[in-house]
Amino acid sequence: MNPLMQGIVTIFVGVGGCVAYFYLSNLVLDKVIFPAKGRHIGRNINRANKWRPWLFLFPAIFVLGLYLVYPVIGSLVRSMYNRSGDGFIGLGNYSTLLASPDFRTAFFNNLLWVVVVPAGSTFFGLLAAQLTDRLSWGNIAKSLIFMPMAISFVGASLIWKFVYAVDADIGLINALRAALFGSDPVDVLQIPFWNNFFLMMILIWIQTGFAMVILSAALRGIPEDTIEAAIIDGANPLEIFFQIKVPQIMPTLVVVWTTITVGTLKIFDIVYAMTGGNFGTDILPSYMMSFMFRDDGRATAVAFVIMLVVLPVMIWNIMQSRKEMR
Amino acid sequence: MDNIAGRKSALSIATHLSVLFLVLLWLIPTVGLLVSSFRERDQISASGWWQAPFSVELTFRGRASGTPVEEGTEWVVSGNIFDDAEVRASFGDGSGTVTGFGTRGVAPAEFPAGTVAQLSDGESLVVNGDGSFKFTAPADPGSRGQRVYFAAKTPPQFTLANYRQVLTADNMDRAFINTLTVTVPATIIPILIAAFAAYALAWMDFPGRGLLIAAVVGLLVVPLQLALVPMLNLHNRIGIGQSFMGIWFAHTAFGMPLAVYLLRNYMVGLPRDIIESAKVDGATDFQVFTKIVLPLSLPALAAFSIFQFLWTWNDLLVAKVFLPSNDEARVMTVKIADDLLGSRGGDWGILATAAFVSIAVPLVVFFTMQRFLVRGLLAGSVK
Chain A
1 MNPLMQGIVT IFVGVGGCVA YFYLSNLVLD KVIFPAKGRH IGRNINRANK WRPWLFLFPA
61 IFVLGLYLVY PVIGSLVRSM YNRSGDGFIG LGNYSTLLAS PDFRTAFFNN LLWVVVVPAG
121 STFFGLLAAQ LTDRLSWGNI AKSLIFMPMA ISFVGASLIW KFVYAVDADI GLINALRAAL
181 FGSDPVDVLQ IPFWNNFFLM MILIWIQTGF AMVILSAALR GIPEDTIEAA IIDGANPLEI
241 FFQIKVPQIM PTLVVVWTTI TVGTLKIFDI VYAMTGGNFG TDILPSYMMS FMFRDDGRAT
301 AVAFVIMLVV LPVMIWNIMQ SRKEMR
Chain B
327 MDNIAGRKSA LSIATHLSVL FLVLLWLIPT VGLLVSSFRE RDQISASGWW QAPFSVELTF
387 RGRASGTPVE EGTEWVVSGN IFDDAEVRAS FGDGSGTVTG FGTRGVAPAE FPAGTVAQLS
447 DGESLVVNGD GSFKFTAPAD PGSRGQRVYF AAKTPPQFTL ANYRQVLTAD NMDRAFINTL
507 TVTVPATIIP ILIAAFAAYA LAWMDFPGRG LLIAAVVGLL VVPLQLALVP MLNLHNRIGI
567 GQSFMGIWFA HTAFGMPLAV YLLRNYMVGL PRDIIESAKV DGATDFQVFT KIVLPLSLPA
627 LAAFSIFQFL WTWNDLLVAK VFLPSNDEAR VMTVKIADDL LGSRGGDWGI LATAAFVSIA
687 VPLVVFFTMQ RFLVRGLLAG SVK
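The listed protein sequences correspond, in order, to chains A and B. First residue of the first sequence: 1, per my numbering; consecutive thereafter. First residue of the second sequence: 327, per my numbering; consecutive thereafter.
Source of the hints: derived by calculation from the structure; they are not laboratory data. Positions of the beta carbon are idealized from the N, C-alpha and C atoms, including for glycine. One or more of the hints may lead you astray.
Claimed, not checked - Pairs of lysine-lysine, DSS-like flavour, derived with a Cα cap of 25 Å:
1. B/617 / A/31
2. B/617 / A/50
3. B/605 / A/37
4. A/37 / A/50
5. B/605 / A/31
6. A/31 / A/50
7. B/605 / A/50
8. B/617 / B/605
9. B/460 / B/479
What the hints assert, rightly or not - Here are some, though not all, of the chain A residues that point toward chain B, as calculated from beta-carbon distances under 7 Å:
10. 7
11. 11
12. 52
13. 92
14. 159
15. 175
As the list claims (entries may be wrong) - Covered stretches of chain B (in silico footprint by chain A; criterion: 3 or more residues with CB under 8 Å from a CB of chain A, positions within the stretch not fixed):
16. 566-575
17. 579-588
18. 685-696
This is chain A alone, in the form it adopts within the complex (with noise of 0.2 Å):
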């Protein structure tokens, strides 16, 4: 079948599919096995109703188990096993990786990037944010500086790929350095260790937006008073922002940066777009790929690592999550 159909009969079997599970297993609770009739018609009531929000939950909660849960501990013992898949080999995935110069090279380059992407971002969102705030054309100013947002990471690494292009009649760097300069040109990609930063810049590019967004509703959610007191008692432009505004959103940034953190970590493809790892520039998630459709047990063993480094800040959204809760 045409892929095109196929899709719109999925459309409609998997709307309709919902609306008649979750229409027809209310209606099998309430009429058929807790019937608000006859003799225990309130005890069946009440026990429908304790029922009722695993019947909404249900199918979330199966496909959450399936594809986020059960691939953690899937692949945890995936990992534990060789290439094939056939023989235990307990930690020998792990330590091979940990011998491999490749592997650090990865991770060393992935801590970088969960170091600077986030900071970059932050920085410069809260720099437009603040910026754009009284600007009588602050929203378009925003809305340009947010719309990397919706452009793909493929289509911005060929975006930036014209930008770090060798020949100085493509690439503005070049171009930039021969007339300002006149110096011969150079592939950044390939200069070592800097090559990094001229790909975090493009994932900079993109997340400042989101950053800037966010940012700036909670500047603008600053109460007024806090600000004219301190203006009263003569705090200049950066006293204001630094030690009024600043401190005032300060959990509004530890989620932008936790956020962007955990996107940073799962990004491959502006690595594998721009220069496909190599000249050193390989991070973990770039790197299981290489292994990905190869060597399941080593994958798997990458992609475990990924998680480890995610675990810290998961824990931490779990409880900031459990405090506002209470």
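Take the given structure of chain A and dock chain B to it, following the hints.
Same frame as chain A, but now just chain B:
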């Protein structure tokens, strides 16, 4: 307030300028791509996109052919280089301005236009700015004509040829439809599932609710790299394999934590009175959900659909793993990253156009639905 009021004008000019600078910095790369995608492919490699409105110096080759005429001891061929069939193919009917010419491919603009070039064997050639040439030789050169290379200023040319090629010849149309096929079901199906779950987590009381919410928050950050190998193996075992069916399931599941989280956050904020009075009036949970909560949650539903749409449209990783890697099933991101970047790495016109085709739809969605997107972001992260 003196210290602020006094500095206000200088400060505000500085603000305007720095915002302008930021915006330009953020916009220029995308503009470059857009401009490049409309340029002639020869012009792209000859001058930067920022010079697109100006004429470009390109090199061409042709033959200084014509009927030789004997003048005294010499044979003379004269004519206009722009009349040459080979040159006309690249210029069309418009004429350019010759800036330099030569007879060797390695030095196509060796001599400035209008100067007489002494060639070997006593031959000489002059090509003028308007393209007229005069070739002299001591013996009859025949009618084949002398090979001439020249550099000429060509007017800026904007064309849709790149788009035509990308959309018809490069299978990009197929990839576009595939992307659409992946995206639409993967956006619509999770919404309903998530909405019911979010309602239960927001407005129903049952043991373990807090734990489930914490689990959803935790699952928000589980790297989906973990799911790739086990789920692909499972798909293969149950017979789905690498297929559209598989990727729909995968996207539905990967979008679920965010969907449940966003929708629950929004639904919790709905006024308690409405829901409780409906319940007092005898509405069941199912009715409260479909008749009250769902319509009131439309902004959050819209916000999530936009997220999910952008995410599935722009995704590369899930498509690479869960879809077969042949041209029939490739989505645009995979097509660009694996096919175009690899085999046509130097064809900047095609790359720019393909990239722009792939980001056009998200950009339209983004600019028309921005309001919902912002609201959704805020619902998710600002308390």
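Quick rundown of the hints versus the structure:
For the proposed pair residue 617 of chain B and residue 31 of chain A, the alpha carbon gap of about 21 Å is at most 25 Å, so the pair holds. The suggested pairing of residue 617 of chain B with residue 50 of chain A holds, with an alpha-carbon distance near 21 Å, which does not exceed 25 Å. As the CA atoms of residue 605 of chain B and residue 37 of chain A are separated by approximately 19 Å, the hinted pair is consistent with the 25 Å bound. For the hint pairing residue 37 of chain A with residue 50 of chain A, the CA-to-CA distance comes to about 17 Å; that is within 25 Å, so the pair holds.
A hinted pair counts as satisfied when its Cα atoms are at most 25 Å apart, and residue 605 of chain B with residue 31 of chain A qualifies at roughly 19 Å. Of the supplied pair hints, the one linking residue 31 of chain A and residue 50 of chain A holds, its CA atoms being roughly 15 Å apart against a limit of 25 Å. The suggested pairing of residue 605 of chain B with residue 50 of chain A holds, with an alpha-carbon distance near 16 Å, which does not exceed 25 Å. The suggested pairing of residue 617 of chain B with residue 605 of chain B holds, with an alpha-carbon distance near 12 Å, which does not exceed 25 Å.
Distance restraint check for residue 460 of chain B and residue 479 of chain B: the Cα-Cα separation of roughly 20 Å lies within the 25 Å cut-off, and the hinted pair is therefore satisfied. Evaluation of the residue 7 of chain A hint against chain B yields a held restraint, the C-beta minimum of about 4 Å falling below 7 Å. A hinted interface residue such as residue 11 of chain A counts as satisfied when its beta carbon comes closer than 7 Å to some beta carbon of chain B; here the least separation is about 5 Å, so the hint holds. Satisfaction of the interface hint for residue 52 of chain A is found here, the shortest Cβ-Cβ separation to chain B being roughly 6 Å, below the 7 Å cut-off.
Interface hint status for residue 92 of chain A: violated, as the beta-carbon distance to the closest one in chain B is roughly 16 Å, over 7 Å. With a cut of 7 Å, the hint placing residue 159 of chain A at the interface with chain B holds, because the nearest CB-to-CB distance is about 5 Å. At its closest, the beta carbon of residue 175 of chain A sits 5 Å from a beta carbon of chain B; the interface hint therefore holds under the 7 Å criterion. Judged by the Cβ-Cβ criterion of 8 Å, the region 566-575 of chain B is covered by chain A as claimed, because 4 of its residues qualify and three suffice.
For the region 579-588 of chain B, the stated coverage by chain A is satisfied: 5 residues place a CB nearer than 8 Å to a CB of that chain, which reaches the threshold of 3. Coverage of a stretch by a chain is defined here by at least three residues with a beta carbon nearer than 8 Å to that chain's beta carbons; for the region 685-696 of chain B and chain A the count is 7, and the condition holds.
Going down the numbered hints, you'll see the structure goes against just number 13.
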